[in-house]
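Line by line, the protein sequences are chains C and E.
Numbering-wise (this note's numbering), the first sequence opens with residue 168 and increments by one.
Numbering-wise (this note's numbering), the second sequence opens with residue 168 and increments by one.
The set of hints was computed from the structure by calculation and includes no laboratory data.
A hint or two may mislead.
[Claimed, not checked] Below 25 Å or equal to it, Euclidean Cα-Cα: the simulated DMTMM-like pairs (lysine to aspartate or glutamate) are: (1) 274/C - 354/E; (2) 291/C - 227/C; (3) 184/E - 169/E; (4) 184/E - 347/C.
[Claimed, not checked] If you want the ones that stay clear, here's a sample from chain C, every Cβ over 10 Å from chain E, calculated: (5) 343; (6) 363; (7) 445.
[Said to hold, decoys possible] What the simulated footprint calls covered on chain C by chain E, stretch by stretch (three residues with Cβ under 8 Å from a Cβ of chain E suffice, anywhere in the stretch; the number is not a length): (8) 255 to 269; (9) 347 to 361.
Note that the coordinates shown come from a computational prediction; the quantities given were computed from them, not determined experimentally.
Cβ coordinates follow ideal geometry from the N, Cα and C atoms, glycine included.
2 protein chains.
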Amino acid sequence: MEVIIDPKSGFCFGVNKAIGLAEEELSRKGSLFCLGDIVHNEQEVERLANLGLKVISRDDFFTLQNCTVLLRAHGEPPEVFKYAQKNKINLIDGTCPVVTKLQQKVKLSHDLLPKEGTLVIFGKPNHPEVVGLNGQIDYKAHVVQNKEDLLSIDYSKPLVLYSQTTMSREKYWELKMEIEERIHSPELLDAYDTICGQVANRAPWLKKFSKGVDILVFVGGRKSSNSQVLFAHCKAANANSFFITNPDETEKISFENINRIGVCGATSTPRWLLEQVANAIKNRANG
Amino acid sequence: MEVIIDPKSGFCFGVNKAIGLAEEELSRKGSLFCLGDIVHNEQEVERLANLGLKVISRDDFFTLQNCTVLLRAHGEPPEVFKYAQKNKINLIDGTCPVVTKLQQKVKLSHDLLPKEGTLVIFGKPNHPEVVGLNGQIDYKAHVVQNKEDLLSIDYSKPLVLYSQTTMSREKYWELKMEIEERIHSPELLDAYDTICGQVANRAPWLKKFSKGVDILVFVGGRKSSNSQVLFAHCKAANANSFFITNPDETEKISFENINRIGVCGATSTPRWLLEQVANAIKNRANG
Numbered sequence: 168m169e170v171i172i173d174p175k176s177g178f179c180f181g182v183n184k185a186i187g188l189a190e191e192e193l194s195r196k197g198s199l200f201c202l203g204d205i206v207h208n209e210q211e212v213e214r215l216a217n218l219g220l221k222v223i224s225r226d227d228f229f230t231l232q233n234c235t236v237l238l239r240a241h242g243e244p245p246e247v248f249k250y251a252q253k254n255k256i257n258l259i260d261g262t263c264p265v266v267t268k269l270q271q272k273v274k275l276s277h278d279l280l281p282k283e284g285t286l287v288i289f290g291k292p293n294h295p296e297v298v299g300l301n302g303q304i305d306y307k308a309h310v311v312q313n314k315e316d317l318l319s320i321d322y323s324k325p326l327v328l329y330s331q332t333t334m335s336r337e338k339y340w341e342l343k344m345e346i347e348e349r350i351h352s353p354e355l356l357d358a359y360d361t362i363c364g365q366v367a368n369r370a371p372w373l374k375k376f377s378k379g380v381d382i383l384v385f386v387g388g389r390k391s392s393n394s395q396v397l398f399a400h401c402k403a404a405n406a407n408s409f410f411i412t413n414p415d416e417t418e419k420i421s422f423e424n425i426n427r428i429g430v431c432g433a434t435s436t437p438r439w440l441l442e443q444v445a446n447a448i449k450n451r452a453n454g
Numbered sequence: 168m169e170v171i172i173d174p175k176s177g178f179c180f181g182v183n184k185a186i187g188l189a190e191e192e193l194s195r196k197g198s199l200f201c202l203g204d205i206v207h208n209e210q211e212v213e214r215l216a217n218l219g220l221k222v223i224s225r226d227d228f229f230t231l232q233n234c235t236v237l238l239r240a241h242g243e244p245p246e247v248f249k250y251a252q253k254n255k256i257n258l259i260d261g262t263c264p265v266v267t268k269l270q271q272k273v274k275l276s277h278d279l280l281p282k283e284g285t286l287v288i289f290g291k292p293n294h295p296e297v298v299g300l301n302g303q304i305d306y307k308a309h310v311v312q313n314k315e316d317l318l319s320i321d322y323s324k325p326l327v328l329y330s331q332t333t334m335s336r337e338k339y340w341e342l343k344m345e346i347e348e349r350i351h352s353p354e355l356l357d358a359y360d361t362i363c364g365q366v367a368n369r370a371p372w373l374k375k376f377s378k379g380v381d382i383l384v385f386v387g388g389r390k391s392s393n394s395q396v397l398f399a400h401c402k403a404a405n406a407n408s409f410f411i412t413n414p415d416e417t418e419k420i421s422f423e424n425i426n427r428i429g430v431c432g433a434t435s436t437p438r439w440l441l442e443q444v445a446n447a448i449k450n451r452a453n454g
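So that you can see chain C by itself, here it is in the shape it has in the complex (with noise of 0.2 Å):
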């Protein structure tokens, strides 16, 4: 028996850089303020804060001085940094370097389009991505979700669309054929597919990933959206699929007569528990 742990599986790049910056720093002070989650999985969350990372919201933020404060990977708009350089809190910046780059991206766009041009953001408005791009400009973006949030924009102007970076690729193709059917004039549209691959590519590779096993052990969270919609791709690919959240439920699979196994997660899901499930699998099959 060969239990395989997806190796494109575990937390993305961007992530991992920031939880690597926590550590590093926990290593050396034991505690560390994180402005909000630092990663979409209570485990994960939980597991540093047992080695000191104290998130902290954006009202305690402004509060605070003289301290260390890490901003995740989402990345933060221009006023954290202009509040933390004012109330010297040395900022340990965990901002993806794709979201920096996209930022700057945005911003030097708004710089070039003219007053009566729309900037717009494919994005979720609230989501703290979408917050740290909009601040570059001073919060000037349009920011669109579907079709509808496309009505009150005026096409006859130039226009520039981005989008947050993990967002559905084929929902900002949608959106985009719909704003070329409405613009007067190709020329004045200039669009950028600014989606991260590495959470975009998540689905088609996890469908190859789940028909080359035997059966397939999905490790997500039950509340996560985005464990639901990569399960269903498995499970597509191959009926043989389980979806579970802990080691602990590998007990109710059974893995007799099965040469393959493959182990994968969702974006939210951390590396080390898609190891703890592997040897759990490696351990009953032993025992």
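Following the hints, complete the assembly by docking chain E onto the known chain C.
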């Protein structure tokens, strides 16, 4: 009986603009050189030839002096402009504004890219638009058409991806995903989907249009691959779809007991030809 010409069929914005410039100059001077075919449609090229447009090759161009030359929508590399200036050639620049903007972006990206990085253009290597784009950066781009062309790239270094405006978006996506799989870190990749919606959206739009009519008459070129592809979409959406190349061929179609007839064409089908076809159908109904 109602005959509806697809409002979105006919040449794209850029080609129409170039043809307009040609017609304007021809109406004043009676003759004009054009560097390369203005559009891949024999009937339109013949119509403009009758007005005095003379198509010249690139070799021809570099022998000319003291004359006026039209540059078509695809755009040209800098050496064309330099030669024209030195040899007192008056250029009428019909470059599509969407292509001009893309040329500027490619140049800027290349200027900002570290020496060891790669600028990749998804396009046909000898397509005039690609020559124009690549010429902006001394032909240093790596032009790719398929996955095999991606093998020789160094994925440990920064990479910028652009697309010729008339490529397939599905293929762009596939290649982008392939690059994302290979690249050592997502922050190394800057990918721009610069495919023009006027071309890319034609297929989904024609599907909609075809469904809304009782008979669909598609006007295209027998040798045009774009025509074949678009007609296949129409036929799939409406089994009552017919392919013709000129108004006379409407005679082979029966319009008995038909209410709504749709007339549409490929991206290389001139609008006046669609109008001739629509009139031929109406005349038959009345005759």
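Comparing the hints with the structure gives:
Pair hint residue 274/C plus residue 354/E holds up; C-alpha atoms about 18 Å apart against a cutoff of 25 Å. Taking the CA atoms of residue 291/C and residue 227/C, the gap is near 23 Å; set against the 25 Å cutoff, the hint holds. Between residue 184/E and residue 169/E, the direct Cα distance comes to roughly 30 Å. Violation of the 25 Å bound is thereby established for this hinted pair. Pair hint residue 184/E plus residue 347/C holds up; C-alpha atoms about 18 Å apart against a cutoff of 25 Å.
Look at residue 343/C: its CB is around 7 Å from the nearest CB on chain E, not clear of 10 Å, so calling it non-interface is violated. Residue placement check: residue 363/C does not keep its beta carbon more than 10 Å from all beta carbons of chain E (closest about 6 Å). At roughly 23 Å from the closest C-beta of chain E, the C-beta of residue 445/C stays outside 10 Å, upholding its exclusion from the interface. Under a criterion of three residues with beta carbons nearer than 8 Å to beta carbons of chain E, the stated coverage of the segment 255 to 269 of chain C is upheld, 4 such residues being counted.
Using a Cβ-Cβ cut-off of 8 Å, 10 residues of the segment 347 to 361 of chain C lie near chain E, which meets the minimum of three, so the contact claim holds.
Of the numbered hints stated above, those contradicted by the structure are hints 3, 5 and 6, listed in ascending order.
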